[in-house]
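Participant: Each chain is listed here by its residues.
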Amino acid sequence: MLAGRTPWVIVLTLGAAGFLSIVHMPDWAVDYRPQWTAMTVIFWITTLPDRVGVFWAFFAGLMMDVVTGSLLGQHALSFSVMGYLTVELEQRIALFRAWQQAVSIWLILTVERLLSLWVLSATNQPTPSLSYWTTTFVSMLLWPWFAAALRGLVRRLDLA
Amino acid sequence: MKPLFNHGPSAAVRMVIALALAFALIIADLHYRQLDVLRSSLAVTVYPLHFLAALPARIARDVENQVVSNMELRAENDRLHRENLSLRARLQRFASLESENERLRNLLGSAFKVGERVLIAELLEVDLDPYRQQVLVDKGALSGVFVGQPVLDANAVMGQVVRTNPLTSTVLLITDARHSLPVKINRNGLRSIAIGSGLVDQLNLLHVPKKADVRVGDLLVTSGLGGTYPPGYPVARVTEVRIEPGKRFATVSAEPTARLDRSHEVLLVWSLPKLMESGAMTKTDGEHAAAINSNLEP
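From first to last, the protein sequence lines are chains A and B. Numbering-wise, UniProt numbering puts 157 at position 157 of the first sequence, and it's gapless, one number per residue. Numbering-wise, UniProt numbering puts 287 at position 287 of the second sequence, and it's gapless, one number per residue.
No lab work stands behind these hints, which were simulated from the structure alone. As the structure is a computational prediction, the values presented were derived from the model and not from experiment. Treat each hint with caution, since some may be false.
Beyond 12 Å from chain B on every Cβ pair, some chain A residues (computed) [to be verified]:
hint : residue
1    : V9
2    : A16
3    : G69
4    : I93
5    : L95
6    : W99
7    : N124
8    : F146
9    : A147
Taking CB as the label site, the calculated pair distances span [claimed, not checked]:
hint : chain 1 : residue 1 : chain 2 : residue 2 : range
10   : B       : V147      : A       : R97       : 27 to 37 Å
11   : A       : L157      : B       : R58       : 25 to 35 Å
12   : A       : D27       : B       : E240      : 19 to 29 Å
13   : A       : I93       : B       : L119      : 18 to 28 Å
14   : B       : N101      : A       : L114      : 50 to 60 Å
15   : A       : A29       : B       : G246      : 33 to 43 Å
16   : B       : L80       : A       : A98       : 53 to 63 Å
17   : B       : G144      : A       : D27       : 29 to 39 Å
18   : B       : S10       : A       : L157      : 52 to 62 Å
Cβ coordinates follow ideal geometry from the N, Cα and C atoms, glycine included.
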């Protein structure tokens, strides 16, 4: 289904997102790190809904599990559900205004975090404090610029 | 061209498949060790990512090293020279003490560890899962690193290896909330277990009786029970002893002496395997320790 260079571009952007999610930051900034990989997955699903879907989300989550050294399957699970939500909501989101889009993205990202938290507590791992949720707001505020930048990339490379 | 009708299973079906896979992975990773092969082969594919992510910090450090002035280098050289001299002086005394200790222990009939082999590894400065106290080091299974291997820095115990990949390995720090480590107080030999708090600068001591002789400033060293850590290495200093009427035990917290958040180089230790089999005393210790060690599920 995916032809030409599109899958490579997606893989590269996911790799870049993975890089950004583990690159060393000062301690105070750690809570404000956006959910780069999740945002990238959402972007590709909303941009190429008939090509990118739940399985891409699953594999992106698996990459996150390996990269961050968390339990294998933890991010894969939350990303799969997040991918599904995005697939279902994608047509609606496309009609929204910018701020409405940002809010729905926040909702989806929050569901992802929620599931991740659930896996953490279900498997008896230490659960984080309230600052765990900061990242969803940071991602929401960043979303318009993030999407615009990636859209520029898509246009320049003439994908879609 | 956009296909008019989507072929293949619907998104919901796909999600169910993906969820089933994810659940299977989680359960397998929690309960069985077989997945380690999968994980380490996946880890090889993301190694470039880890390498790249560690690069900025490494470059920053190199640049810092480059621009350091001649004066500072001289000063540092002087300091190291003095330190080396005093360490050597102490080592002379240490050698004779060690042989005396060994002789005495031979008289008592208990086993004593003769020596250790160490490998210096460098920390890859990447931020792993922010809610666990883990670090990544740049030596892996190819260098002989194994799961359960103790990791030290120049000052004290840092943690143990919980996962090895061919080129890297993950170290669980002693402050992780799922890490526990058998310790004793250096001053009087009182034993306890140090549990990580999830904060980088705090350990808590488990089951310390209220009347126990623990004071602020006491040095905690590894007791060697559990068999993971060699005995006698410094771990932490007691920072607070609180007696609360409502609790059955004293609340004791300690601060790790290792520079957990600042070390760039760590030591991976191989204990010489001679110790475990000889001497009845160590055997009972080992059993006791196995019970303690089962507390730790990385």
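Participant: For each hint, tell me whether it holds in the structure or not.
Facilitator: Status of each hint after checking the structure:
1. V9: holds (17 Å)
2. A16: violated (9 Å)
3. G69: About 5 Å separates G69 (chain A) from the closest Cβ of chain B, which leaves it inside 12 Å; violated.
4. I93: About 15 Å separates I93 (chain A) from the closest Cβ of chain B, which puts it past 12 Å; holds.
5. L95: holds (18 Å)
6. W99: holds (26 Å)
7. N124: violated (8 Å)
8. F146: holds (19 Å)
9. A147: holds (21 Å)
10. B:V147 - A:R97: 27 to 37 Å: violated (52 Å)
11. A:L157 - B:R58: 25 to 35 Å: holds (31 Å)
12. A:D27 - B:E240: 19 to 29 Å: holds (23 Å)
13. A:I93 - B:L119: 18 to 28 Å: This hint is violated: roughly 52 Å between Cβ atoms.
14. B:N101 - A:L114: 50 to 60 Å: holds (56 Å)
15. A:A29 - B:G246: 33 to 43 Å: holds (39 Å)
16. B:L80 - A:A98: 53 to 63 Å: holds (59 Å)
17. B:G144 - A:D27: 29 to 39 Å: The hint (29 to 39 Å, Cβ to Cβ) holds, given that G144 (chain B) and D27 (chain A) are roughly 33 Å apart.
18. B:S10 - A:L157: 52 to 62 Å: violated (29 Å)
Of the hints listed earlier, those the structure fails to meet are numbers 2, 3, 7, 10, 13, 18, in rising order.
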